[in-house]
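Participant: Sequence:
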Amino acid sequence: MSVVALRLAGPLQSWGSRSRFVRRDTEIAPTKSGVLGLVAAAKGLRRTDPLEALLGLRFGVRIDQPGQLVRDFQTAQQPKRERDGSIGWTSLPLSYRYYISDAVYLVVLEGDHDLVAAIDAAIRSPQFPLYLGRRSCPPAGPIALGAFDEDLETTLATRPWLANTRMQRRARDRIVRLATVRDAAAGETATETIRDTPVSFDPNRRQYEWRSVVRGTVEVANLHGSQEPVGEHDAMSVLEA
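Numbering (this note's numbering), first residue to last: 602 to 842.
Hint data in this document are derived by calculation from the structure and do not stem from the laboratory.
Treat the hints with care, since some could be wrong.
[To be verified] So the derived label-pair ranges between C-beta atoms look like this:
(1) Gly-788 - Thr-755: 15 to 21 Å
(2) Leu-695 - Ile-776: 41 to 47 Å
(3) Gly-747 - Lys-681: 52 to 58 Å
(4) Arg-807 - Ala-654: 30 to 36 Å
(5) Glu-810 - Ala-741: 30 to 36 Å
(6) Ile-776 - Val-800: 36 to 42 Å
Since the structure is predicted, the reported quantities are computational estimates derived from the model, not experimental observations.
Just so you know, even glycine gets a beta-carbon here, dropped at the ideal spot from N, CA and C.
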């Protein structure tokens with residue numbers, strides 16, 4: 602098997618799997634439906650186009666930089682014609698939208714070599730704009746990391762740590778443990794099931810199926826880490842005689 606690796610980073614990301622009505626939640630890591638939507642956009646697929654070619658891909662995420670959960674409180678109004686012919690405004694329900702800020706993820710898709718190579722090429726030259734879960738969340742920097750002849754687990758465990766240099770220096774340790782979420786392999790016991798596999802993105806008939814996932818951790822090298830203790834900063838030391 603082969604894999605295509607992606608780096609998903611940006612000021613804001615939002616990966617909802619159960620958003621309803623006025624509350625739009627986000628998971629702590631990219632969802633399979635959201636990433637396959639990004640791939641479909643890169644390949645130029647319309648929302649009503651079939652997705653069968655993408656549904657056989659195994660999916661995995663490594664949380665390289667967790668980021669922070671933020672909430673956006675929104676209000677909206679819609680125009681309404683009054684009896685006298687004037688235009689008034691009607692307030693719509695208040696809504697809450699959740700995002701992950703300043704996060705970085707390694708995303709891996711495993712499948713046939715020709716398919717993942719085509720995905721890598723499409724991500725590098727997308728047909729439609731790419732965004733990280735919502736249209737208001739553009740990516741920061743290139744997404745494609747390349748296609749490799751290895752399995753999903755190997756890629757999650759061996760790709761370099763993608764967190765920013767400041768975070769890597771603050772970690773100090775030479776080896777860091779990063780959380781992962783991936784599709785369960787054949788015969789593997791799943792940690793949980795998530796309704797996150799898209800069958801159709803058609804706005805009039807969106808469909809999602811359940812998938813079995815495994816949550817775990819991997820250890821990767823921190824090239825900027827140091828075992829040397831960091832001394833505390835004493836702001837008053839310059840005033841001493």
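Participant: A separate judgement is required for each hint: does it hold in the structure or not?
Facilitator: Structure-based check of each hint:
Judged by the Cβ atoms, the range 15 to 21 Å given for Gly-788 and Thr-755 holds: they are separated by roughly 18 Å. The hinted window of 41 to 47 Å between Leu-695 and Ile-776 holds, with their beta carbons roughly 46 Å apart. Between Gly-747 and Lys-681 the beta carbons are some 53 Å apart, a value that agrees with the proposed interval 52 to 58 Å. Between Arg-807 and Ala-654 the beta carbon distance is about 19 Å. The supplied range of 30 to 36 Å is therefore violated.
Take Glu-810 and Ala-741: their Cβ atoms lie about 31 Å apart, and the range 30 to 36 Å holds. A beta carbon spacing of about 40 Å between Ile-776 and Val-800 agrees with the range 36 to 42 Å that was offered as a hint.
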